[in-house]
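Trainee: Sequence:
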Amino acid sequence: MHFHILGVGAIGCHMATMLRMHQHTVTLLMKTKQRVEQFNAHQQTIVYTQENKTQRISGFETGLTTPCSLEKTTEAPIDILITCTKAHHIRDAIKPLIPRLTKDSTVVLLHNGMGVAEELMGSVWKNQSPPTVLVGVNQHGVERTGPFQITNHGGWEDPQALGISVYPHTSGTEKTLTIIEALTRIKPLSAVSLPWEELVKKMATKLVINACINPVATLLNCKNRYLIENNPHAERIMFSVCEEAMSVLGPMFPGETVDSLYATVRHVNHIRGNNTCSMLQDIHAKSTTEVDYINGYLCRLGIDQKKPTPTNQALVNFIHAKTTLVSK
Numbered sequence: 138m139h140f141h142i143l144g145v146g147a148i149g150c151h152m153a154t155m156l157r158m159h160q161h162t163v164t165l166l167m168k169t170k171q172r173v174e175q176f177n178a179h180q181q182t183i184v185y186t187q188e189n190k191t192q193r194i195s196g197f198e199t200g201l202t203t204p205c206s207l208e209k210t211t212e213a214p215i216d217i218l219i220t221c222t223k224a225h226h227i228r229d230a231i232k233p234l235i236p237r238l239t240k241d242s243t244v245v246l247l248h249n250g251m252g253v254a255e256e257l258m259g260s261v262w263k264n265q266s267p268p269t270v271l272v273g274v275n276q277h278g279v280e281r282t283g284p285f286q287i288t289n290h291g292g293w294e295d296p297q298a299l300g301i302s303v304y305p306h307t308s309g310t311e312k313t314l315t316i317i318e319a320l321t322r323i324k325p326l327s328a329v330s331l332p333w334e335e336l337v338k339k340m341a342t343k344l345v346i347n348a349c350i351n352p353v354a355t356l357l358n359c360k361n362r363y364l365i366e367n368n369p370h371a372e373r374i375m376f377s378v379c380e381e382a383m384s385v386l387g388p389m390f391p392g393e394t395v396d397s398l399y400a401t402v403r404h405v406n407h408i409r410g411n412n413t414c415s416m417l418q419d420i421h422a423k424s425t426t427e428v429d430y431i432n433g434y435l436c437r438l439g440i441d442q443k444k445p446t447p448t449n450q451a452l453v454n455f456i457h458a459k460t461t462l463v464s465k
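For what it's worth, my numbering labels the leading residue of the sequence shown as 138, then goes sequentially.
Don't read these hints as lab results, they were simulated from the structure.
All values reported here derive from a predicted model rather than from experimental measurement.
What you were told as hints is all true, and nothing was included just to trick you.
List of simulated lysine-lysine pairs, DSBU-like, C-alpha gap at most 35 Å:
#, residue 1, residue 2
1, K232, K338
2, K168, K465
3, K324, K339
4, K343, K263
5, K190, K168
6, K312, K339
7, K324, K240
Estimated spans, in silico, between C-beta atoms of each pair:
#, residue 1, residue 2, range
8, P332, L462, 42 to 48 Å
9, S397, P369, 15 to 21 Å
10, E198, I440, 41 to 47 Å
11, R193, S464, 31 to 37 Å
Cβ coordinates follow ideal geometry from the N, Cα and C atoms, glycine included.
Full structure from sequences and hints, please.
Mentor: The following block contains the structure:
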């Protein structure tokens, strides 16, 4: 199969590596010629480290996400597109590729936060038939350690590290099942096909985990583990995030309590303790973060439901303030 990868950060490089190691054709889509030249200078390889074993993976093709006319394009259609850009970049990043995406294409969305698929349906594909959309929830703790260089701190041991489901407002086909099957056959991905309702719960759980860990670790400028190693102050903040999340997301967590939800956060924090969260990686790279699709999503739910979310709103404000400072 031929996969196009949009976004060559930590998750994009991880997906590209896994697919190439299992003999799939992979085209890395990059925004600028300079980025392609940087990849060429890197000997067109991705350096992948897992459990202290480092491999150099090669054999990738490259392409540009060059803006083109929405009426026609001379470039070949894209059969399978995996989007690994940040949640707040997906809509603008995918727009130049619309002429190459047909109703027979498949788009796999991999991002933190919630609400992106709905946003795309209401904007990019508002007046035309969308491709088949698969939504994935990724639990691999991948850290970008350099240009086209990543370390996977964990996920392969989780039998559902990559949950995948067909977005219900698009049509799954026999080809869709073939794509999902190809991903589930890649053992290190630990991919699994899930019913939509189960995937939404998994997505909501990951949202809460990210809402707790990412902004707090970013503000403290530390690896995940330092949030729960003799740090009751950080834990109080994260517990408060869980309380507000349970208030606005309660129906998605039947049988759960705030305590059980926070226990899940602590468990993930423990097993991904050596990871630098993606939000802190963004700050180090002087990039904008996904906070508006994580804590900000919880705040928007709170507004809709007339429920206060002061801790999440404070974290959103602090992260935006920090982003402003580092971008100067």
